Amino acid sequence: MRGLGCRRVRSPAGGAGLAFPDWAYKAESSPGSRQIQLWHFILELLQKEEFRHVIAWQQGEYGEFVIKDPDEVARLWGRRKSKPQMNYDKLSRALRYYYNKRILHKTKGKRFTYKFNFSKLIFVNYPMWDMRDGRAQKS
596 MRGLGCRRVR SPAGGAGLAF PDWAYKAESS PGSRQIQLWH FILELLQKEE FRHVIAWQQG
656 EYGEFVIKDP DEVARLWGRR KSKPQMNYDK LSRALRYYYN KRILHKTKGK RFTYKFNFSK
716 LIFVNYPMWD MRDGRAQKS
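Residue numbers (my numbering): 596 to 734.
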């Protein structure tokens with residue numbers, strides 16, 4: 596098995612960053628960019644300063660974020676997917692799909708607040724990923 600590439604993004608707390616496999620990235624202008632997954636779109640928004648008024652990392656909780664303006668996040672998601680009828684009800688239904696996959700979960704008692712399971716995201720579909728040195732194991 597050939598080595599698997601990763602890309603780093605800033606961590607929520609501004610630390611060293613998180614590594615995501617190359618398959619998780621699709622540039623906005625790339626062909627087929629409509630195929631982006633919602634969890635990745637949310638990470639994109641969280642990384643961009645211009646969307647802090649809409650969605651932001653929660654202080655003190657690693658991987659936790661709050662959707663400050665649910666209607667705007669839904670509108671942005673609808674625009675990205677070319678679905679002008681997108682609303683927060685539909686977007687939240689899509690988010691619930693990730694609960695069973697353990698990609699993220701709703702934070703109990705906090706409205707519009709979710710938490711990523713980064714260990715699942717970073718290594719999903721890579722069961723033989725070596726966490727110590729970031730290389731794929733030979734099977």
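Derived by calculation from the structure, the hints in this document are not laboratory data.
Since we're looking at a predicted model, the values are computed, not measured.
The reader is advised that the hints may include incorrect statements.
Stated by the list, open to error - With a straight-line Cα cutoff of 35 Å, these simulated DSBU-like cross-link-like pairs (lysine-lysine) come out:
1. K715 to K701
2. K710 to K643
3. K678 to K696
4. K685 to K715
5. K701 to K678
6. K696 to K710
7. K663 to K715
8. K663 to K701
9. K676 to K715
10. K696 to K676
11. K703 to K676
12. K703 to K685
13. K678 to K663
14. K696 to K715
Here's how the hints hold up against the structure:
Between K715 and K701 the CA atoms are separated by roughly 15 Å; this keeps the pair inside 35 Å, and the hint holds. Between K710 and K643 the CA atoms are separated by roughly 18 Å; this keeps the pair inside 35 Å, and the hint holds. A threshold of 35 Å between alpha carbons decides the hint, and for K678 with K696 the separation of about 24 Å falls inside it, so the pair holds. The straight-line distance between the Cα atoms of K685 and K715 is roughly 24 Å, inside the 35 Å bound, and the hint therefore holds.
A threshold of 35 Å between alpha carbons decides the hint, and for K701 with K678 the separation of about 24 Å falls inside it, so the pair holds. With a C-alpha separation of about 13 Å, the suggested pairing of K696 with K710 holds against the 35 Å cut-off. The hinted pair formed by K663 and K715 meets the criterion: a straight-line CA distance of about 25 Å does not exceed 35 Å. For the hint pairing K663 with K701, the CA-to-CA distance comes to about 15 Å; that is within 35 Å, so the pair holds.
A threshold of 35 Å between alpha carbons decides the hint, and for K676 with K715 the separation of about 24 Å falls inside it, so the pair holds. At roughly 22 Å between alpha-carbon atoms, K696 and K676 fall within 35 Å of each other, so this suggested pair holds. With a CA separation close to 29 Å, the supplied pair K703 and K676 stays within the 35 Å bound. Simply put, K703 and K685 have alpha-carbon atoms about 20 Å apart, close enough for the 35 Å limit, and the pair holds.
Of the supplied pair hints, the one linking K678 and K663 holds, its CA atoms being roughly 21 Å apart against a limit of 35 Å. Our distance criterion of 35 Å between C-alpha atoms is met by K696 and K715, whose separation comes to about 9 Å.
The structure meets every hint from the earlier list without exception.
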